[in-house]
Amino acid sequence: MDLFLQQVLNGLTLGGIYSLVALGLTLVYGILHVPNFAHGAFYMAGAFAAWWLMSKVGLHYWLAMLGSALFVAVIATVSERLVFHPLRKASGLHPMIAAIGLLLFLEAGAQALFGADFHRMETPYTGILEVGGVTAPVQRLMIVAAAFGLMVVLHLFLHRTVMGSTIIAMAQNRDGASLVGIDANRVAMLTFAISGVLAGVAATLYAPINLVYPAMGNLVITKAFVIIILGGMGSVPGAIVGGLIIGFAESFGAFYISTDYKDIIAFVLLVVILSLRPQGLFTRGMR
Amino acid sequence: MADAKTFRVGWALLFALGLAFPFLAGNDYHLTVMAKAYIFALATIGLNLITGYTGQFNLAHAGFMAIGAYTLGILTVDHGVPFWIAFAIAGVFTALVGWPLGLVSLRLKGHYFSIFTLCVGYILFLVIEKWEGLTHGTVGIIGIPAPSPVFGLTFDSPIRLYYLVFFFLVIGVWAMHRIVHSLLGRTFMAIRNGDELAEALGINLMRNKVLAFVLSVFYAGLAGALYAGFVRFLGPDIAGAHHTFDMTMYMLVGGLGTLAGPLLGALAVPWIEQTLQFLQDYRFIVFGPLLILLVIFLPHGVVGTWLGWAARRRARSAAAFAPAPAGRTDRAATPTTPATGGRHA
Numbered sequence: 001m002d003l004f005l006q007q008v009l010n011g012l013t014l015g016g017i018y019s020l021v022a023l024g025l026t027l028v029y030g031i032l033h034v035p036n037f038a039h040g041a042f043y044m045a046g047a048f049a050a051w052w053l054m055s056k057v058g059l060h061y062w063l064a065m066l067g068s069a070l071f072v073a074v075i076a077t078v079s080e081r082l083v084f085h086p087l088r089k090a091s092g093l094h095p096m097i098a099a100i101g102l103l104l105f106l107e108a109g110a111q112a113l114f115g116a117d118f119h120r121m122e123t124p125y126t127g128i129l130e131v132g133g134v135t136a137p138v139q140r141l142m143i144v145a146a147a148f149g150l151m152v153v154l155h156l157f158l159h160r161t162v163m164g165s166t167i168i169a170m171a172q173n174r175d176g177a178s179l180v181g182i183d184a185n186r187v188a189m190l191t192f193a194i195s196g197v198l199a200g201v202a203a204t205l206y207a208p209i210n211l212v213y214p215a216m217g218n219l220v221i222t223k224a225f226v227i228i229i230l231g232g233m234g235s236v237p238g239a240i241v242g243g244l245i246i247g248f249a250e251s252f253g254a255f256y257i258s259t260d261y262k263d264i265i266a267f268v269l270l271v272v273i274l275s276l277r278p279q280g281l282f283t284r285g286m287r
Numbered sequence: 001m002a003d004a005k006t007f008r009v010g011w012a013l014l015f016a017l018g019l020a021f022p023f024l025a026g027n028d029y030h031l032t033v034m035a036k037a038y039i040f041a042l043a044t045i046g047l048n049l050i051t052g053y054t055g056q057f058n059l060a061h062a063g064f065m066a067i068g069a070y071t072l073g074i075l076t077v078d079h080g081v082p083f084w085i086a087f088a089i090a091g092v093f094t095a096l097v098g099w100p101l102g103l104v105s106l107r108l109k110g111h112y113f114s115i116f117t118l119c120v121g122y123i124l125f126l127v128i129e130k131w132e133g134l135t136h137g138t139v140g141i142i143g144i145p146a147p148s149p150v151f152g153l154t155f156d157s158p159i160r161l162y163y164l165v166f167f168f169l170v171i172g173v174w175a176m177h178r179i180v181h182s183l184l185g186r187t188f189m190a191i192r193n194g195d196e197l198a199e200a201l202g203i204n205l206m207r208n209k210v211l212a213f214v215l216s217v218f219y220a221g222l223a224g225a226l227y228a229g230f231v232r233f234l235g236p237d238i239a240g241a242h243h244t245f246d247m248t249m250y251m252l253v254g255g256l257g258t259l260a261g262p263l264l265g266a267l268a269v270p271w272i273e274q275t276l277q278f279l280q281d282y283r284f285i286v287f288g289p290l291l292i293l294l295v296i297f298l299p300h301g302v303v304g305t306w307l308g309w310a311a312r313r314r315a316r317s318a319a320a321f322a323p324a325p326a327g328r329t330d331r332a333a334t335p336t337t338p339a340t341g342g343r344h345a
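So the sequence lines, in the order shown, correspond to chains V and Z.
Numbering of the first sequence is given in my numbering, commencing with residue 1 and proceeding in unit increments.
Numbering of the second sequence is given in my numbering, commencing with residue 1 and proceeding in unit increments.
With the rest of the complex left out, here is chain Z (with noise of 0.2 Å):
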């Protein structure tokens, strides 16, 4: 398989260009630039992981993605637990506010799914904004430890925070490449296109729902912890339904349902809104309109056309030097698409 080969040169590649990027960076600016875009990258593939391989439109990811964050911060700053310790309960708790969320999901199809994730983060930003004596509202909470020395590893310079950040996001791409790639990835996208289906053919519902869930909040989770111990500030806005969208645009860029996709779609992103960065607040002027064309045009992203084009060329020449038996044929040639073929990166 020449596709196999073309990406796992891409990995490579990609994850050299990661390891090389520090060097490359004129300065400390880009560098924190990139690792905010890997922090939102994490978040973005445990979003893909509902949305893209369950087919479920979650709006509540930044909401998930501010617990995790906040649950760092209050543990580290009010309570003076050390920061690795704070990350692990950040994570785990995390996906336990997500498990009665993949329950919901099991009741709730389609639209009420979305327009029900939409309020849980609405009422996430609003709990954060009110409850004063947990998560001191408004004013946010200041002073957050940066990364604790791991074996004497300290993280307090850019470039070290830099590294953390990109291990950190090297270990998801892997973990969730896993995940999609094995027989529970599998059962995720029988889900997604069609769960009476699935369940009839002898795949838990709600075993697989809820797993799916608790996985992607993880991702959130774990993403947000991350973020906090970056930035070292909080305040309610990291919930803010805004967070969500851009991880729904950097998702839509680069395709729905690859793994390849929403990671490229999420570091290629922020890059071309620095080059907009005169627009500001305006950049969704730009974006909104964007994100209309793309669902309109190009509604597999970028990586999903070409992985359909590619299967497509496939088929072709298959046929062309191979006259196979008409089925086989049209077996190569009905996934072009990795939304319905469940072909993947």
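Looking at chain V on its own, in the form it has when it is part of the complex (with noise of 0.2 Å):
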């Protein structure tokens, strides 16, 4: 039963992770209708400048994370300006073509500046509680207590703030939308650094229990696409919904199955859904 509780609260902690990473995916591809694959690069240069600003600057972890979110939220809005603004009324391939170029440039980037080399990232919080017989890291209770903590926020600044409502109107209806007034620009920019910062944040919560590597992204982006497929594309609570279940599907599967392929059990998810649903669980676009 204890092992069992320990495998609900890993779920949690990946769930919350990949749930941010889908969660700015499913944002952008909403309002562009394109999937971003340097997302998973973004998430990685937040990991990467948390990192840095930690072990090299000396400043505290929440600083740190604040440093990374901003860095991110920058790099995603310059990345609209100059990639996917220019080829808003390109054909499907193009876009993504681009996304994968600016991946390139961003996992080179980052392996010139620090190496190919793994670096570990320390945490002021590395206390762990018992909980009637589960041991739970706090590092991970955080990652828990912050990861859904910033979803409730995003829900209330999407539904709550006119600025919030834009992004939804146009994801609804982009001819409606800028017949109203919306100026899409500003929404797209918009879109891409709140997607940045979540990225930042997840990296910056996740890094200190995995490695901070050039390549670290790969693998959490096409999980984030496998979520935000099973939740539906544009969608932001397929995205929480479907963090979840591969979170609590890789947790349990490592763990009653095998470790070595836990990894390929979100894929594997995913080939069997999309087979039976080819249009995802819950697709309805960004309601």
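The hints are simulated quantities; they were obtained by calculation from the structure and are not laboratory data.
None of the values given here were measured: they were computed from a predicted structure.
Glycine included, every Cβ here is placed at the ideal spot set by N, Cα and C.
A portion of the hints provided could be inaccurate.
With beta-carbon atoms standing in for the labels, derived distance ranges [unchecked claim]:
1) Z/L19 x V/A215: 39 to 45 Å
2) Z/L134 x V/R120: 58 to 64 Å
3) V/V57 x Z/A175: 56 to 62 Å
4) V/A145 x Z/G202: 55 to 61 Å
5) Z/L134 x V/H33: 36 to 42 Å
6) Z/N193 x V/H85: 24 to 30 Å
Bring the two chains, given one by one in their own frames, into a single complex with the hints.
Written out as structure tokens, the structure reads:
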């Protein structure tokens, strides 16, 4: 039973991180209808920024997270301006290829600056809590709390503020939104900035229990794609639910099936689901 | 048609250059670089059939190359199967694996399909890395035999291996030329330009989409097997997504949906990479932005842009010298780009 609860905690940790990354991806998809393959590189850039700010500048963990979020937000916004904006009217293939170009550039850039080695990021929260027989590292609990806290904040932002509503409006109906005077450029930049913040925070939260290296985003982004297909491309609740499904599938799969194959579980799940329901589980656009 | 003649001359020139290359290349190293470029060109031409001609962005192509390569490696090294038998099995087996993927492509459109294939590529990579009993895991397969002699012809020197690879590339290009210029090729392009319309015209979507896939990955499988026989060592890296990205770049540089484009891209880019060799792993710092610039400013690639330019010029001169009825001039002027007009090299 304790082992079961342990897996629940692991599932929540993974699910929280995956959801944050998938949320950024799904927001951008909802607005631009582009699968941003570079999003994983944003995530990686966030981890490197936080690691650098902590280990070289000596900032505190939370300040490093803030710095990382800002840094990735800037990268994402600049990418929107320089890469995706000029391709707004291009065919489906070209923005995807451009996103791959961006991914290759960021990955090679990180490798040039910091090398291909693995880096360990320290966390000030090394304690372990014992709750009813379950050993819970504080960092993991914090990930769960912060990830889901951030999701609530994002929900409030999207539904309670004018700026948030413009994003939803544009995702629902681009022409209608511009008809009522919503500036599509501003919304696109804002959406990219938010997706960058989410990636930066997710990376800073997860990096201490993982490692920091240039290719670290690849597996995460691929899983985030699985998640938004599961949850419906462009759907915010779908990204959260999908993230939890994959998080739990992985933690239980690693425990009951095999650690070696845990990374394949998400993909096999996707292949099975898409074969049965090509439009994803809950596809209904961003509502 | 001046164009057709230009192209015939172009192909003949390329062929002659390929034949003469060993005498122009100063050393074996250049031969090796070129032969490797041929192998990837073969796979790129296959990828172009799916991505360029049927319009589905397949991100698992390197994975299929890896299937071909590992099939050859495992059969020859672990089971002692003769090289050429293993070679044939590698191509057929890869095509068989591609068959269900073709079926899936019927149901998944656009982005869904790309993401799906991205995941398929990852599954293939992870399976190769983890299934040690079959693939030797990260250690890889060592000691793959060289291609065995055919009719007394041995392939034991770099120059002979070069000609072997060149031979396969020529056959591959010729076969692809036949495919895209046949009814089948037109059918594929009709599907790219709108599969619902194509279906309404009586095109059997199921048969043709699956066929396009099977053909595409058959090329990848043979290229992979050729790679295994050429390099004689295999690791999971061959299935890595960056190889697919490389091939996508070759395609895009030359021009999607043309036959000459991906071929020229696949032959030229490795040499650009050679001159940028000092960058080593960082070459993507240059190539990433290059890919973005290409997509934005030269979306039809070098050959595609040239074709569009030639078509416009022809339309202009046709209009100037023989003032045809408006309808005919319009038809001649419409196919300005290979991606929309179905004109291809």
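Now the hints, each set against the structure:
1. In this structure the hint that Z/L19 and V/A215 lie 39 to 45 Å apart at CB holds, the actual value being about 41 Å.
2. Distance hint for Z/L134 and V/R120: a CB-CB separation of about 34 Å, inconsistent with the stated range 58 to 64 Å.
3. Between V/V57 and Z/A175 the beta carbon distance is about 59 Å. The supplied range of 56 to 62 Å therefore holds.
4. Distance hint check for V/A145 and Z/G202: the Cβ-Cβ separation is about 59 Å, which falls inside the suggested range of 55 to 61 Å.
5. Against the hinted window of 36 to 42 Å, the Cβ-Cβ separation of Z/L134 and V/H33 comes to about 40 Å, which satisfies the hint.
6. Between Z/N193 and V/H85 the beta carbon distance is about 27 Å. The supplied range of 24 to 30 Å therefore holds.
Violation of the numbered hints given earlier is confined to hint 2; every other hint is satisfied by the structure.
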